[in-house]
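A.B. asks: Given next are the chains, with one letter for each unit.
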Amino acid sequence: MSELIYKSAAQLSESLAKKEVSAREVTQAHLDQITKVDQAVHAFLFVDTEGALAQADQVDAARAKGENLGPLAGVPLALKDILAQEGIPTTCGSKILEGWRPPYSATVVKKLRAAGVVILGKTNMDEFAMGSSTENSAFGTTQNPWDLTRIPGGSGGGSAAALAAFEAPLAIGSDTGGSIRQPAAVTGTVGVKPTYGGVSRYGVIAYSSSLDQVGPCARTVLDTALLHEVIAGHDDYDATSINAPTPPVVAAAKRADVKGMKIGVIKELSGDGYESGVSERFEESLEILRSQGATIEMVSCPNFDYGLAAYYLIAPSEASSNLARFDAMRYGLRVGDDGSRSAEEVMSMTRAAGFGREVKRRIVLGTYALSAGYYDAYYGSAQKVRTLITQDFAKAFSSVDVLVSPTTPTVAFPIGAKSNDPVAMYLSDVATIPVNLAGVAAMSLPAGLSEGLPVGFQIIAPAMKDDRLYQVGAALERELAAKWGGVLTTKAPKLSSSAGA
Amino acid sequence: MLTYEQIIEKYEPALGLEVHVELGTKTKMFCGCPTEFGAEPNTQVCPVCLGMPGALPFVNERAIESTILIGLALNCSIAPMSRFARKNYFYPDMPKNFQISQYDEPICTDGYLDVEYETPEGMKTFRIEIERVHMEEDTGKSLHVGGATGRIHGAEYSLLDYNRAGIPLVEIVTKTVLGTEGYAPQIAKAYVKELRDILRALGVSDVKMEQGSLRCDANISLSPRGSGILGTRSETKNVNSLRSVERAITSEMHRHAQRLEAGERVVQETRHFQEDSGTTRSGRSKEQAEDYRYFPEPDLLPVAPSAEWIEELRAQLPERPSAHRARLQQLWQVPDKEMAAMINAGVVGIVEETVAQGADPTKARTWWLGEISRLANEREVEVAEMPITPKDVAEIIALVAAGELTDKLARQVVEGVIAGEGKPKEVIAARGIKVVSDEGELVAAIERAIAAQPETAQKVRDGNIPAAGALIGAVMKDTKGQADAARVRELLLGLLA
Amino acid sequence: MSRISNEEVARIAHLARLELSANEIAELAGEMEAILGAVARVQEAAKSDVVPTSHPLALVNVTRPDVVRPSLTPESALSGAPASEEDRFRVPQILGEEA
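Sequences listed follow chains V, D and H, in order.
Under the working numbering, the final residue of the first sequence carries the number 503; numbering is consecutive throughout.
Under the working numbering, the final residue of the second sequence carries the number 551; numbering is consecutive throughout.
Under the working numbering, the final residue of the third sequence carries the number 1480; numbering is consecutive throughout.
With the rest of the complex left out, here is chain V (with noise of 0.2 angstroms):
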């Protein structure tokens, strides 16, 4: 049975569908493949066999009576540890919330177990999304499994990493900068960042509200557009939740049709930082995608330089208030209180000794970028950097369909070779940031390796156009796929158990 782990969804949804296999079996199938592999690669922060089991038998049993179910019951999926399950520890990747279960579950995990999706466990990532590299998380980092050695991305990089170690399918990630694209392009899996506002933020822990989205990741396109339709809608606990249909994402990723669509390659995203491995492969992409019919032109968005920028000011100035929360009070870690000191002296202590090095950088980045005199030269110059940014991005989707770039700068680096360079690890969201500060939406999926790992390719769409990106992103795919024998990570090792990092 250990076949089925290398399964897509759409595949097991058929074989389950055909009741060639029941959800249990595909469960367990998953949850051992954890067992195997996940000392190695550390993918996940809990996993959650017995209720896993339990979902899966509903399932089941379901079937059984001849229910009418989803496409996707009985599919096991993976979640990254910032959405809130109802009695499941969720930590956000801190020691802050170590133990917490919350008492409510995010809609997005409300939606997901309605669908009959089997949620195996909690997926590791940088603490409170704070990252690129997954190793700013309180519980160890996460192993890339095409190289336990390197990262496998951030901030979730823990999703990335299960899906491309075949621990499940299916994941749920959540990206503010490029946390689900990154990671995704690193791991050769697929990844998007729907339109903001296209999935609700109910029940996510929240790190930047205005730039926040969750989003869906798996290993092939039509499976992350499977999962996209599942996810998306309006949710009336999220007032930032677009009260529109979703786009037609699953039909756009079956058409996978770019005939006569025009491609705007982004001139800023490109250059000095970019490994040459990287751009080689996104060029031999957009060799693939003029093959297969779209005209290619390149496009200027001159704002996109100061993005960086005005990403590190307005992410850490409304996480700085977000996070002000963990305060010993009401839930979570509670440090010194021993009869002698003050409400504020132990929520002093408790943030001190729960927060880690990247998020207490971030919460006095954020405070002073917000404070009386400083407001207007930061946080207020960076919200106008943000106008300029979607009016270039306007300007751009007035003359192509979607916007095309390198996912990230380079592969996957070494474990440990970022990490006191906080600067230059914040360059690895470059290419992904200006999308998330417009709103618009955005997919990475692999487009080859470059020495032995993954180089992520990234199709940016004008908000609510969501589907274009799935109709591209397949095509591409399946030219990709043609040549390789079949989507990336089939070329990715298989780990045994005797893998160590």
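Incorrect hints may have been included.
DSS-like cross-link-like pairs, simulated, lysine-lysine; straight-line CA separation at most 30 angstroms [said to hold, decoys possible]:
#	chain 1	residue 1	chain 2	residue 2
1	D	LYS291	D	LYS178
2	H	LYS1428	V	LYS269
3	D	LYS534	D	LYS477
4	V	LYS97	D	LYS247
5	V	LYS21	V	LYS9
6	D	LYS141	D	LYS229
7	D	LYS141	V	LYS362
8	D	LYS488	D	LYS391
9	V	LYS397	V	LYS97
10	D	LYS229	D	LYS262
11	D	LYS462	D	LYS391
12	V	LYS112	D	LYS531
13	D	LYS195	D	LYS291
14	D	LYS141	D	LYS178
15	H	LYS1428	V	LYS397
16	D	LYS64	D	LYS195
17	D	LYS80	V	LYS113
18	D	LYS531	D	LYS462
19	D	LYS80	D	LYS178
20	D	LYS462	D	LYS247
21	D	LYS64	D	LYS141
22	D	LYS445	H	LYS1428
23	D	LYS141	V	LYS97
24	V	LYS485	V	LYS420
Simulated restraints on C-beta separations [to be verified]:
#	chain 1	residue 1	chain 2	residue 2	range
25	V	ALA355	D	GLU366	50 to 56 angstroms
26	H	GLY1418	V	GLY454	47 to 53 angstroms
27	H	GLY1418	V	ARG115	45 to 51 angstroms
Derived from the structure by calculation, the hints contain no laboratory data.
Even glycine gets a Cβ: it sits at the ideal position worked out from N, Cα and C.
Guided by the hints, dock chains D and H onto chain V, whose structure is given.
C.D. replies: Just chains D and H, lined up with the frame of chain V:
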């Protein structure tokens, strides 16, 4: 120590009043938890109002409507676009450690309220300008345990109940109020009272100061007359009644003057009003202004009420209390001075309700302004808070008119109702109050009195009418006060003619 | 770009209720300097006539009717509390507003 008059001669007070109103919406400002008063602790909470990770706010549409109504009633401009902002500071009663409020884009601005206050020259009107009206959320309630008095100071720990956290609050801020010419305390009280009446008439809040659904913070400063520079202000909180508004401001004016006279600086700080002493006590120093790091609330979208909606709401505004009062004055033919007294005592509404129950306006007025006000003053409460209703008073007036009670007996019934002995009919029954109307009984009592005081009776026969008083008194005593004194007099004089 | 002093970082840390050691403060001061140096360029792009974006969505008036939604039970609400007593959250002594 200067007298109040001396203070006013030397100094000009500048006032600033901040009133917080708890709206009477069914649910909280940003979540659907109920807002019932007095519920068991933490039974009206959810991830949103507890500030749990991942929770998001969602604006209550009725709260916006109520705020616009308040703004319109205060003659404000309603902003075509306003935003929520986060006010960031740490405090255990604030679950998110930021309050969602409004900052530089409030929903209502630049209004005014004309208030009436009494002077020796009669009622005058003063216009208080309103700076802004905006929406925000209330905090949880803390119980301090272990200290001597249940207060924060000296407490060992605190217990938090978040039922109140997230209840919609509207903050009404005045512009700096100048030119009150010695009437600052009265004008402030009149302002809060008028505001309260308007809010009640709008139906947006139950405005009970004692329950905290209407809170007032008073800012006051003094500056030497003619100096043109505003003095340092102090803010007084914990002002829980209309009376306290007046007392707090008066007390602060004295305190500021004392310091200034002594050549000392007035410290910019928050003070707390003490009901028992009528003075204020120092609280947290505000020398260092808190850095709230306001920024637009990213989880909420701007509020942009349409012009049509605003006009619909404007049309819904009830008659302004002052216009209403003017109309009643006309209707009841009340002289100015008496009307002023009614307004000051806060009994206009009550009298109106009494009249609605069938009572004569003048009689209603007399009772509420007279006997009941007197008793209220004795107990140091507002007339409105007295445990006697307009219906009760109307009933008593009717009984007097029907001759079943005399004025004197009626006063006993009023006392009884207020003492908690029950409704008027119950008090009458329990105390055995009855007008002795049987002429035979009266005559018998009169004859007994005449027999007991033959000399006095003779005086009356001889033309000394005032002397009858002693005989009437005796009859009243004999009948336990239940005789109609006027009828007794009539009969007595007839007998002694 | 003026130096971010240790005192400034200490003030910020207090505003953010983070107890930091003197070492941490000094290190952060250096890091802030570097980061702020890198991000200050947003001021170049931000001209006075550009309207700041606080929302990617061009939505307004998103409200809900004044209708009750389910609450948590006190047990659920308090389930993660570090300390509780009589259905209330128990917290250490609060440095109050009153002196």
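A.B. asks: Give a verdict on every hint.
C.D. replies: The hints, checked one at a time:
| no. | hint | result |
| --- | --- | --- |
| 1 | D:LYS291 with D:LYS178 | holds (28 angstroms) |
| 2 | H:LYS1428 with V:LYS269 | holds (23 angstroms) |
| 3 | D:LYS534 with D:LYS477 | holds (22 angstroms) |
| 4 | V:LYS97 with D:LYS247 | violated (52 angstroms) |
| 5 | V:LYS21 with V:LYS9 | holds (16 angstroms) |
| 6 | D:LYS141 with D:LYS229 | holds (21 angstroms) |
| 7 | D:LYS141 with V:LYS362 | holds (20 angstroms) |
| 8 | D:LYS488 with D:LYS391 | violated (36 angstroms) |
| 9 | V:LYS397 with V:LYS97 | violated (44 angstroms) |
| 10 | D:LYS229 with D:LYS262 | holds (24 angstroms) |
| 11 | D:LYS462 with D:LYS391 | holds (26 angstroms) |
| 12 | V:LYS112 with D:LYS531 | violated (82 angstroms) |
| 13 | D:LYS195 with D:LYS291 | holds (16 angstroms) |
| 14 | D:LYS141 with D:LYS178 | violated (39 angstroms) |
| 15 | H:LYS1428 with V:LYS397 | holds (19 angstroms) |
| 16 | D:LYS64 with D:LYS195 | violated (42 angstroms) |
| 17 | D:LYS80 with V:LYS113 | holds (29 angstroms) |
| 18 | D:LYS531 with D:LYS462 | holds (13 angstroms) |
| 19 | D:LYS80 with D:LYS178 | violated (39 angstroms) |
| 20 | D:LYS462 with D:LYS247 | violated (33 angstroms) |
| 21 | D:LYS64 with D:LYS141 | violated (39 angstroms) |
| 22 | D:LYS445 with H:LYS1428 | violated (68 angstroms) |
| 23 | D:LYS141 with V:LYS97 | holds (27 angstroms) |
| 24 | V:LYS485 with V:LYS420 | violated (34 angstroms) |
| 25 | V:ALA355 with D:GLU366: 50 to 56 angstroms | holds (55 angstroms) |
| 26 | H:GLY1418 with V:GLY454: 47 to 53 angstroms | violated (37 angstroms) |
| 27 | H:GLY1418 with V:ARG115: 45 to 51 angstroms | holds (47 angstroms) |
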